[in-house]
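*Asks:* What follows is the residue order along each chain.
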Amino acid sequence: MANHSAEVVVEGLKKILISVKEGLDEKVQGKVEKLIAELQGTVPPSHEPFDPDAQKLELGFDFFKNNIFDKNPEYFRELAEAQHPKFLVFACSDSRVSPSIVLNFKLGEAFIGRNIANMVPQFDQWRHTEIGSVIEYAVKELGVENILVMGHSHCGGIARLMELPDHSCSHMSQTYDFIDEWVKIGLPAKQKVKEEANHLPEEEQLRLLEKESVENSMANLLTYPFVRNAVENGSITLRGGYYNFDNGTFEQWKM
Amino acid sequence: MAKHSAEVVIEGLKKILIKEKEGMDEEVQGIVEMFMAELQGGMAASHQHDPDAQRLERGFDFFKNKIFDKNPEFFEALAKKQQPRFLVIGCSDSRVNPPTILNFNLGEAFMSRNIGNMVPQFDQLRHAEIGSVIEYAVKHLEVANILVMGHSHCGGIERLMELPDPTLTHDFLDEWVKIGLPAKNKVLEQCNHLGTEEQKRLVEKESVKNSMANLLTYPFVRNAVVNGTITLRGGYYNFDSGTFQQWKLCTKPMP
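Chains as they are written, first to last, in the numbering used here: chain D, 55 to 309; chain W, 1470 to 1724.
Incorrect hints may appear among the rest.
[To be verified] Rough simulated footprint, nothing fancy, chain D against chain W, three-plus residues with beta-carbon under 8 angstroms:
1. 1545 to 1557
2. 1561 to 1570
3. 1607 to 1621
[As the list claims (entries may be wrong)] Heads up, incomplete: computed chain D residues facing chain W, CB under 8 angstroms, no partners named:
4. F118
5. K119
6. Y129
7. Q137
8. K140
9. F165
10. F232
Don't read these hints as lab results, they were simulated from the structure. Ideal placement from N, C-alpha and C gives every residue a C-beta, glycine not left out.
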């Protein structure tokens, strides 16, 4: 009897959390989550410390399960057998630019690669197996029809690229294990912006570099023979995109 | 006058497409889109008769109307700064988008996506891409959690199981998935009696644990874990059964 009551209360509390996801006061939310955990008996209050981040993941999955997965059984059964995305999308790791949200991709529509500043380096089997394997799988195994490189405003990686000295002997206040080496992929773009727009204020130059870096990455895609062949055959279109979250706009263009 | 009428009709049609997104017949949708393109007249030639470009535009319109414009204060604050609590390393697979599966809002999760959601050991020469994502997340954003999320029917793990394969070579894929070899060896040692499919499910999870262990080879991660400022978490999404499991690496003493 107590168990059933506990279940009823837990379900009700979960629904409340989902329905007021945006507006619940943090403290109140924490208390509700703690009560759910106690009632569920999975986190005995006296033994294990409360883990709000684990609860966040669980509640997040519950939301997906109840509102999307369980409501579309045939769709997910088909998807479990095979994926046929039309797009390979490269987007920045930035938490604010998830392409599934910003471009409203449903599950199954877009194969996705995410890294600092949405960069694509030139073909290099030694140094760039991570991104190479994403492109390779998307083109050879999945036969995607589009590769979209999506840049965005206020990109931290591009800001770092802009800070890097032009001469390797300059002093830098901070050195990184990986970041600088990675963002240097964008140096040709930076050079171009500096040549053509050095008179513009810093912020404007950053916006230009964010877009120029996308163009640079699109050009680098052509150094992958399987991409170049597919582009020449007309079976793949290379696309650039730019999401500006100051003014809420999205530009796109294609090669 | 004619231009204004065209705009009104286009806006109206856009709203209909957004509203009927789920149930709209593909052919009808194509006809409507072409009609809208014609009305727009001055639309860039590259968008006309380009259903994939139109798909991106529609996707962004949906986001703009339903989310961006409805939460101006939220997006104003987000434009200034991101403070995600999670770094999530997920597979590039189009079916396992973590923001969808775990219902992350924009701003909540810094993302890395690659084949097989793998984390290689610290290597400044060969793995700058994932190294820079982890470095930025830990040093700049000071995330509180790193979640490595695996899934069922992973193509990368499947390829790992097939190796060595003298009949087929890849430029990048095989080299990348070899990161998971310790996981594969462990499963084959302990569970060689099981069927191939069952073994794959086990390797998918074991590979997550392997990646979690590899995270500790990054000094800035190890320090944060030892200090208790970062929690390493593993997750596994099974889209046959619609379930999500999670676990974590514990460094706190048991009470």
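*Asks:* Work down the list of hints and note, for each, if the structure agrees.
*Replies:* Cross-check of the supplied hints:
1. As drawn, the stretch 1545 to 1557 of chain W meets chain D at 6 residues by the rule of a beta-carbon pair under 8 angstroms; at three or more, the given contact holds.
2. Evaluation of the coverage hint for the stretch 1561 to 1570 of chain W: fulfilled, as 9 residues show C-beta separations to chain D shorter than 8 angstroms, against a requirement of three.
3. For a cut-off of 8 angstroms, the count of residues in the stretch 1607 to 1621 of chain W with a CB near a CB of chain D stands at 6, and the three-residue condition holds.
4. For F118 of chain D, the shortest C-beta to C-beta distance to chain W is roughly 5 angstroms, which falls under 8 angstroms, so the interface hint holds.
5. Hint on K119 of chain D holds. Least Cβ distance to chain W is approximately 6 angstroms, under the 8 angstroms limit.
6. At about 10 angstroms, the closest approach between the beta carbon of Y129 of chain D and any beta carbon in chain W exceeds 8 angstroms, and the interface hint on this residue is violated.
7. Hint status for Q137 of chain D relative to chain W: holds, with the closest Cβ pair at about 5 angstroms, below 8 angstroms.
8. This hint holds: K140 of chain D has a C-beta 7 angstroms from the nearest C-beta of chain W, less than the 8 angstroms allowed.
9. Interface hint status for F165 of chain D: upheld, as the beta-carbon distance to the closest one in chain W is roughly 5 angstroms, under 8 angstroms.
10. At its closest, the beta carbon of F232 of chain D sits 3 angstroms from a beta carbon of chain W; the interface hint therefore holds under the 8 angstroms criterion.
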